[in-house]
Amino acid sequence: IITNIEMKGSFLEKQKILEIMENLKNKKDTDQPQKIKTGGSTFKNPKNSDKKAWQLIKESGCADLRVGGIKLSNLHCNFLENLDKASSEDAENLIENIKKEVFKKTNINLELELEIVGKK
Numbered sequence: 001i002i003t004n005i006e007m008k009g010s011f012l013e014k015q016k017i018l019e020i021m022e023n024l025k026n027k028k029d030t031d032q033p034q035k036i037k038t039g040g041s042t043f044k045n046p047k048n049s050d051k052k053a054w055q056l057i058k059e060s061g062c063a064d065l066r067v068g069g070i071k072l073s074n075l076h077c078n079f080l081e082n083l084d085k086a087s088s089e090d091a092e093n094l095i096e097n098i099k100k101e102v103f104k105k106t107n108i109n110l111e112l113e114l115e116i117v118g119k120k
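According to the UniProt record's numbering, the sequence shown holds residues 1 to 120 in order.
No lab work stands behind these hints, which were simulated from the structure alone.
Model, not experiment: these values are computed from the prediction.
Straight-line alpha carbon distances no greater than 30 Å define the calculated DSSO-like cross-link-like pairs of lysine-lysine that follow:
1) K99 - K28
2) K85 - K99
3) K47 - K28
4) K35 - K16
5) K58 - K35
6) K16 - K27
7) K85 - K52
8) K99 - K58
9) K27 - K52
10) K100 - K85
11) K14 - K25
12) K104 - K52
13) K25 - K58
14) K47 - K25
15) K99 - K44
16) K58 - K28
17) K51 - K100
18) K25 - K8
19) K51 - K35
20) K14 - K28
21) K28 - K85
22) K105 - K58
23) K28 - K16
24) K58 - K47
25) K85 - K35
26) K58 - K104
27) K99 - K51
28) K28 - K100
29) K99 - K35
30) K104 - K44
31) K47 - K99
32) K85 - K44
33) K28 - K44
Estimated spans, in silico, between C-beta atoms of each pair:
34) I2 - S49: 30 to 38 Å
35) L83 - T30: 15 to 23 Å
36) I5 - S88: 40 to 48 Å
Using N, Cα and C, we set each Cβ at its ideal position, and we do this for glycine too.
Construct the entire structure; sequences and hints are all you get.
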């Protein structure tokens with residue numbers, strides 16, 4: 001049971017908040033795939049590295065990997081893009097290939113941000 005709470009923060013004018021929100025939306029639209037079949041961000045950024053998951057994927061030579069109807073997005077290589085009725089097995093195999101390559105090159109084990117339900 002919470003009986004008392006104290007919060008600290010700063011207040012901004014409504015227009016400034018709207019401007020910040022618009023800038024964040026524009027950055028997302030520029031940096032991440034939009035209006036295509038994707039499950040969103042695939043891997044969490046590792047805690048034991050200064051690099052983000054997408055950087056490790058790209059530097060490990062995985063950016064152009066494809067399995068069946070699924071590949072890494074050209075815009076952001078931490079997003080899987082369903083090109084042509086990809087199966088869940090295609091997605092799981094691509095994920096495993098990426099994890100193996102990144103681990104081989106960096107000794108970092110990428111952790112999934114998404115949850116796989118069911119079997120291959």
